[in-house]
Amino acid sequence: MMTTDISYIGMAVGMALLAVPVWIFYKLGLARQIGSTLTAVARMVLQLFLTGLYLRYLFEWNSPWVNVLWVLLMVAVASFTVSRNTRLRMRLIVLPLLAGLSGAALAVGLYFLLFVLNLPHPFDSRYFIPVMGILTGNMLGVCVMGLNTFYDGLQRERQFFLYMLGNGASHAEAIKPFVRRAIEKSLAPCIANIAVMGMVSLPETVIGQILGGTAPGIAVKYQMMLAVIIFSASMLALLTTLFFADRRSFDAYVRLRDVRIRK
Amino acid sequence: MLEVKKASVSLNGKQLFRDLSFTVGDGEILCVMGPSGSGKTTLLNVLLGFRPLDGGHVSVDGELLTPSSAEEFRKAMAYVPQEAALPVELVSEMAGLLFGLKINRIVKFSKERLMEEWRRLGLDAGLYDRRVAELSGGEWRRVMLSVAGLLARPILLADEPTSMLDAEATALTGEYLRRMASAGCAIVVATHDERLAAYCDRRIVITDGMCDDMTEEG
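Those protein sequence lines, which keep their order, are chains A and B. Position one of the first sequence corresponds to residue 21 (the working numbering), numbered consecutively onward. Position one of the second sequence corresponds to residue 1014 (the working numbering), numbered consecutively onward.
With the rest of the complex left out, here is chain B (with noise of 0.2 Å):
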């Protein structure tokens, strides 16, 4: 289980948030709404380990995460950012480049499986020989989310992994989750899109550094 408790984060002198707390159990969905800038990105940055918080603390399983225990901590996280560039030029390459870390020894690439995943996403199995950069930004993401299925780590962060994608394909990404959750990953997704938040047990909207759970109206 994720836990935030009363955390706080500013930026460059700007509060981001206050007192925010939150869990996300096991098989839970968790959605951090809410303006540009308004810190949605900064808090996966904190759950990652990447930030220090003014106030409060995270903990996985009950264990603080510190910058000493924080490289532990995100061996059993799976990450998907908004945007990267990645120096590889084939989509084949991009979707194997975490395969070759140490803690993913156990866990082989198989290109059918990841067939398997881009069927649940829509992705079309032709787009493997392509090269990155003829990918759509909404198709690079579920590259990327596709890539994270495969890894199947206890705990997913995913930052607008909808953005960019028509509703068809948003639905898809939103099952998606479903599924992962279903197998018992705790999911935390920073998102503007209302669309993908219905597919969310959780929402948390950030506004003006105050943060206000809405699950009830959700």
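Okay, chain A solo, but in the shape it has when bound (with noise of 0.2 Å):
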């Protein structure tokens, strides 16, 4: 089956939806909301528009050494971003989401390519970089909220800390429960989600694929792993990264550093 492109004229008239809610906004007095909307619209046709030029070339040359490069640096990215929404201090936390990113990412997503897929080429563009575009983008905000949980509750808890250091705990049993919260609180919209997923919601990337010509069995059926995927890389790259940013958060004295660039 075959794709139905969007002609230009098409996209045009799509974007003219955006009318309905700029007018809503201008009645409701929300000015700051029409100016929003409009350069949150514009970054993301500028950031679309380059995503498909460079997946265009990225899929011509299918080089397994050019995409794991991409990888990288969409993590790269994704670290930056992490500690930019977490106010965390770079120098403490790139390299441990650097490592925890990627190395998930990798891990599961080769998983996924080489076992559940028996793909005998795990690196061809056309699904390596997918799955790990969209393995990334959902591990970064269960980082984002699952560091902010972590670091928050040791600022805020610190004299329980210090009670169960005081009384014996090692450094991993008293960090144990900030872990485990952390763990407990990033993951759970995205249990939430499993949950009632094709029931309240039908994932994009169904709907993608259908649209895209896809056997919509086959295409709840790369749903179904794909949201287990993202379930396991997910934890895998937070728990990593605490592994590593836990090091690198405390003096000799066990007091936190100071991990957050203040406001």
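Calculated directly from the structure, the hints in this document are not laboratory data. One or more of the hints may lead you astray.
What the hints assert, rightly or not - Selected chain A positions facing chain B (in silico; Cβ < 10 Å): (1) Leu174; (2) Gln179; (3) Ser190; (4) Ala212; (5) Tyr273; (6) Val274; (7) Asp278.
Here the structure is a predicted model, which is why all the values come from computation and not from measurement. Glycine included, each C-beta is placed from N, C-alpha and C at the ideal position.
Take the two lone chains and join them into the complex the hints point to.
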């Protein structure tokens, strides 16, 4: 089945729909929202245009080395984004994030490509790039929430941390409640999302695949696998990041360093 | 034996104490007194390895407390903080919190033993199933102290254990500490409370960065 292309006129007709929310913003006196909506849409158009462009070249070259380098670049951008969104100091968090995100994306992504899809060439652009992209994008959100929960907890409940240490807990034991809470809180939306998938929401991946000509049966199988690998990779990425970040977060007297950039 | 020799600490440019020296032997209770902000809690933090000294040193049984050895030293200590927000809902969970630690695997938690400690501290057994938020400050501290009693470590560090306690509860706490000391525990108590100080073997007073051993006068 061929995918129906969207003509430029069709794109313009689609974009014209934005006039409705912009008009409502205007009527409600929300001028700031008009500006931010138009800026966001302009950014999206530019970013996706560039994405289409680089994906075309990545697919044409289809080089494993270029693809891996591309994924590492995505991970680096994601790491800086997490650092900015959590206000955690780059020198503290970027290296743990690079290790966590790239390690989890490559380990889980390659497991999926090699053992689930049984691809003879797992670094094939058509599969490798989208799978790594969807993993990195989802891990980013989990890491932001997980790291915020972890460091907020340590800053707020320092006395509890010291109580555990002062009564003979090892560092790993004293830190465990904070890690547990970070994982619980950051993965809760992911679990809730999985639970209602197909009933409350039809994931964009399924819609994309169906529109792209894939049979619905295949599209939902892909979605099931994607949900599982996103969940697993997110947990792995957060745990690895916390493991490496924890070692850099305390001084010799178990005092939490100045980990956050002040507003 | 816990020994502090010529210890000095300053905080934000202010000298909290200078050339502080004392020893606490097994079975002894040392009381650290002084006004608020004088450095009593800071001294406990130094003994726990949570804060560096500007000068001097701390040793336990002749071995120096260093950042690398502190975790091992703390396995011989029980610590009762003045306050701490614990991530538990029920008093029963609060009492059992430390018994999941690897170091405490040999010390099995026993509700019967805990109730025995509570009886000595004048705590009602009915508190066990209550919420932590329902405890008064004094009850909270005595629950924490009873847990330290169950752990039966060689060293106990307690920060203001009788704060917000009436005379009767303070006396019970003092007797409780004496009982722990008679079992061989070396105890350091930071307190404002003269009533509690009466149960201690020795006392030092920190005022304006200077430390006086007031044992003779006490």
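Legend entry - Numbered hints the structure breaks, given as an ascending list: 1, 4 and 7
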